[in-house]
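*Asks:* Given next are the chains, with one letter for each unit.
There are 2 protein chains.
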Amino acid sequence: MNDIDVKNTRRRVDTVQQCLEDIKVILESHQYIELDNRKEQSLTELQERLDSMHPADIAALLEQLPLDERLVVWKFIPSDVDGDVLLEVSDAVRETLIADMDTQELIAATEQLDADEIADLAPDLPEEVIADVFSSLSEEERLQLKAALSYPEDTVGALMDFEMVTVREDVALDVVLRYLRRLERLPPNTDKLFVVDRREVLKGALSISDLIVAAPETKVCDVMSTDIVTFNPGRDAEGAAHAFERYDLVSAPVVDAHSRIVGRMTITDIVDYIREDAEQESLGKVGLRDEDLFSSVWKSAKNRWLWLAVNLGTAFFASRVIGLFEDSIEKLVALAALMPIVAAIAGNSGNQTVALIVRALAFEEINKSNAKGLLRKELSIALVNGILWGSVAGIFAWLLYGNIALGFVMLGAMLLNLIVGAGVGMLVPLFLQKIGRDPAIGSSVLLTFSTDSMGFLIFLGLATVFLV
Amino acid sequence: MNDIDVKNTRRRVDTVQQCLEDIKVILESHQYIELDNRKEQSLTELQERLDSMHPADIAALLEQLPLDERLVVWKFIPSDVDGDVLLEVSDAVRETLIADMDTQELIAATEQLDADEIADLAPDLPEEVIADVFSSLSEEERLQLKAALSYPEDTVGALMDFEMVTVREDVALDVVLRYLRRLERLPPNTDKLFVVDRREVLKGALSISDLIVAAPETKVCDVMSTDIVTFNPGRDAEGAAHAFERYDLVSAPVVDAHSRIVGRMTITDIVDYIREDAEQESLGKVGLRDEDLFSSVWKSAKNRWLWLAVNLGTAFFASRVIGLFEDSIEKLVALAALMPIVAAIAGNSGNQTVALIVRALAFEEINKSNAKGLLRKELSIALVNGILWGSVAGIFAWLLYGNIALGFVMLGAMLLNLIVGAGVGMLVPLFLQKIGRDPAIGSSVLLTFSTDSMGFLIFLGLATVFLV
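If you're matching them up, the sequences are chains A and B in order. So in my numbering the end of the first sequence lands on 468, straight run, no missing numbers. So in my numbering the end of the second sequence lands on 468, straight run, no missing numbers.
Here chain A stands alone, though its shape is the one from the complex (with noise of 0.2 Å):
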């Protein structure tokens, strides 16, 4: 990880957008300078540019340049710091450089590496690389690549990395300090050491202040903390996040089953996991995986398919629905105007308590003990809010069409549809949850699937008995 060289990420964040400009500046006047001298002048300027800037704001300016300019500024990327700037990208973004890239360039990328960032890049590097990569490493960085891809995604063992230091618990913390000193640095996030034994079995975590603040001569023993939060490195990563943000972690030991140190996970880690994984989800709400802002059209089409064909799907089968009913829409075309307004507010009711719901499973407050009385209170508000706003459709409905048969029937299917959108938003989230998916993502397709369906069968239903 590269030192800042900034005073003002204001500036900062100004910089990357003015240096943004600067090259679009430069590109464009690029392609109509004929003069070679113009031309490299030109491009030294670029190269100037780029080589002042930390790896993080590179990966910003990529994302944000279109595709061909963007290969153009990468070739001009310093290549020390093109793994760095690989691993900040997006998912999407990183394939673009990647398939820009020969073999020797990428292994020259990825060599300079750790482990653990090796790991991060495998799945979208060719085998080639990967095999010459890992010829070239030391047989502790091989063992730690190995296990950093042996764990899947999303599992503490996938984001740890191996930049622990450990000390032993019956020496002096003078002793300790001289040891540190001939390190030429402590790695990023070190809030605290490791004590272990020979064998490698964490025995406790000195604290980098306690190391600073208690006397030298004092034993590691003597003030290293033995009741420390450790991780296992099959664990889920979203777990770890958890007790990071519950118990103020900057980093944390990762066991194995013998208590032996494998690994270390850090904050920085789960930051960028909490972040991304709140992004998958946003995406993952409307179908779509990582989209490169610039790609093409016919690719961003082909990634929002899924998605469409499903929803597609689900309104056929509600149009099937409305189509039992259309002798009775026929005599009474009212039925018609007023059907999609019984299907939404189910819709948008249902999808207050699936967002309620997903967001307390998230955070484990649902168990078996409060499942039935949650149930319980989103139908009685289904119940109340379905009497409530069901009256004000009535009343509409009756004042619109002089029909007060009618306004009744809406405040039926209203009420009846609330608490089906209260039911199944309350359920769906806990089937999802339990069969193994994520509820923040399937949850309300389910949910509108059923107030569609449910709405119209119920409200076009009420109507042919009561109506026509």
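One or more of the hints may lead you astray.
Which copy is meant is left open, so a pair is good if it fits within one copy or across any two.
[As the list claims (entries may be wrong)] No more than 16 Å apart at the CA atoms, straight line, and that leaves these computed lysine to aspartate or glutamate pairs for EDC-like: (1) 299 - 105; (2) 146 - 245; (3) 368 - 21; (4) 302 - 364; (5) 219 - 197; (6) 302 - 163; (7) 372 - 128; (8) 146 - 68; (9) 219 - 170; (10) 368 - 22.
Calculated from the structure, these hints are not laboratory results.
Using the hints, position chain B against chain A.
*Replies:* Chain B only, in chain A's frame:
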């Protein structure tokens, strides 16, 4: 801010769950036990369990308890952690706890907190409590509290703390180490000391890593980094969060316009902010403010009204659009069954555009130079998808109703409405951002309003012109 007394978080989380169940058993048996002896025994057990829990775990426990049980447990929380627990619980739950405390209890709980923490609680506290706490603070703390209260929510100033350790640039590292040894501990998240001159003007930062690793006789100014990320207290927290993520920061100084240090941002505050922001967003999308899972039916119902009222309004409007074409529907009732498909698919497709644009806006990836190109791209995708899925829907309509003209009207309406969805889905988030609203929250309602109303208008309009 407390030490963590846990070996393993999995076990820890289990402990919270176990404790929850035990407490439920204790509370239930307590209600039926009349013998004072056994009653006291079970309560002693409850007290012991709560005494050993981390404030964040107590907060999680309280959030999972229905109101009456929550207040019983709250009485048993050791009073020296009351303040910490209040800081950890959600706004809605905090309200219920504060309502249950008298002035003296609130003052006792608040007095133990730091100035920045008091500022976080202040909006929920009665005025007399704040006045009393204020008068008990030192002069320095009063200034800090005033400063923290003076910044609007979601700015750096509102999130910063005042626990920064500052040193002078002309001293040697061993002098710094001796100075630190006089402190009892370093503040949490201290990965660097701030180097200031006698007027508190920031000169640089001394990383703890350099402090430990460099030779003791080195002067601070020779190892300190002078190019560091700083924040202005008026800066929006979102921007600070991006900088922490991008540059992997653990702490950063907050400086005023004269570069004088006024506070400190830490990754702990940033992580809490990110999580709360994500939560507010997912609830805000369905028109909810923070809701206590166990609040009364009546209170919850009211929390959901505004959203339902807004959506009922838009649904009424769409209904009146359909009303314009009742004659056409009466003549060709198939229109009633098909029209929701046209509205729904454009809504789904437009919501994909919204999700991508909202994400790009959050990462500042959209600017004047690329906005037009992106709009063109989204419209092109809508064209491709409109022709494709419009044809599928058109063929469906043709086969079902044996009317090829109806199929073409379906195709035309789908195509046009997908274009409406793409345009609105792109422009609405940009517009909301421009007028200073959160594009993640209002975009979806406005989009669905447009695709519903326009979907009905286009489909029924085309049908009226070409079919009936």
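*Asks:* It remains to establish, for every hint, whether it holds in the given structure.
*Replies:* Hint-by-hint comparison with the structure:
no.: 1; hint: 299 - 105; verdict: neither (26 Å within a copy, 61 Å between copies)
no.: 2; hint: 146 - 245; verdict: neither (29 Å within a copy, 27 Å between copies)
no.: 3; hint: 368 - 21; verdict: between (56 Å within a copy, 10 Å between copies)
no.: 4; hint: 302 - 364; verdict: neither (36 Å within a copy, 25 Å between copies)
no.: 5; hint: 219 - 197; verdict: within (14 Å within a copy, 36 Å between copies)
no.: 6; hint: 302 - 163; verdict: neither (41 Å within a copy, 52 Å between copies)
no.: 7; hint: 372 - 128; verdict: neither (55 Å within a copy, 41 Å between copies)
no.: 8; hint: 146 - 68; verdict: neither (36 Å within a copy, 52 Å between copies)
no.: 9; hint: 219 - 170; verdict: within (6 Å within a copy, 32 Å between copies)
no.: 10; hint: 368 - 22; verdict: between (59 Å within a copy, 14 Å between copies)
Hint violations for this structure: numbers 1, 2, 4, 6, 7 and 8, all remaining hints satisfied.
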